[in-house]
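Each step along the sequence shown adds one to the number in the UniProt record's numbering, with nothing skipped, and position 91 is 91.
Careful: at least some of the hints might be erroneous.
Quick list of in silico lysine-lysine cross-link-like pairs, BS3-like style, CA-CA up to 27 Å [as the list claims (entries may be wrong)]:
hint	residue 1	residue 2
1	K42	K81
2	K81	K37
3	K198	K188
Calculated directly from the structure, the hints in this document are not laboratory data.
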Amino acid sequence: MMWIATETFQCPTLTYLASPCAAAHLAAVEGHLHCFKFLVRKMAGVTHTLKARNDHGETPRDLAERFYKDNILQYIDGVEKLGEHPETQEGEFAQLAAVELLTQRTGDSYSSDEELDSSNIKFFERHGVEGSTDSKEDFILDKAEKRNARKPCLTVRAYRRIQELQQLLEIAYSNYRQLGGITEEERKMKKDEKKVEKAVRELEAQLESERVRREKLESQLDGCRAEIGRLRESRGRARSPAAPPPGRTAVPLLVRVIAEVLKCGARKYWREYVNRTLK
1 MMWIATETFQ CPTLTYLASP CAAAHLAAVE GHLHCFKFLV RKMAGVTHTL
51 KARNDHGETP RDLAERFYKD NILQYIDGVE KLGEHPETQE GEFAQLAAVE
101 LLTQRTGDSY SSDEELDSSN IKFFERHGVE GSTDSKEDFI LDKAEKRNAR
151 KPCLTVRAYR RIQELQQLLE IAYSNYRQLG GITEEERKMK KDEKKVEKAV
201 RELEAQLESE RVRREKLESQ LDGCRAEIGR LRESRGRARS PAAPPPGRTA
251 VPLLVRVIAE VLKCGARKYW REYVNRTLK
């Protein structure tokens, strides 16, 4: 039995734990990613730690899923996907880069099956470093070679850092949305939606005004058509001969015409008689 102060790993509680694996389970429950990383890195085997079960048969992944600790789940997924711990891979890449650099500089010219002879001073002078098979010149690197030697390690470390920051950013965005926050993308989408809604309202208002204008024009067109019909009817009546009034025959009309002619003739005759008399 041992005491582990989880406060050392930025955990707020002090818990009595039966094994280091139980500490990893507690970190998964609390969602303390830094504690969990520290414990996994210090354990003998990463797979053993992630697959370890508590008294209820639960692994750290089960506890993280149960208490909705997305950061722990993402870290476990990343570790399982890589198969080994990221820090271990960085060290291996650094070692490979160093071996490759030394192989390029030394080649096979210094490879020798000569055994170490402590009484032979020339042996140490020839190799330059006591107990080493490399000369001193092999370790005198210029700035460019040092930079090239560190480049693979730095590249891997930078890539791991980018992945870690992306995971943390996704977790932060998720927590921000759960708290009711609005991200910049969502704010931009809402702004675009408002613009579209405004344009739709303007087009609907314009369509309504065009509809009212069309109805007015149709009403005016109906009035013009009615007026044209009345004018055509009146023109037709003006061109046709006058019909006799209803209830009267054609005989009285003929009598009146003859009487008018006689009156005109009598007047003309009377005027001629008066004119002859006065002369």
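Hints, verified against the model:
Pair hint K42 plus K81 holds up; C-alpha atoms about 19 Å apart against a cutoff of 27 Å. At most 27 Å may separate the alpha-carbon atoms for a hinted pair to count; K81 and K37 meet this at roughly 16 Å. Between K198 and K188 the CA atoms are separated by roughly 15 Å; this keeps the pair inside 27 Å, and the hint holds.
The structure fails none of the hints (numbered hints given earlier).
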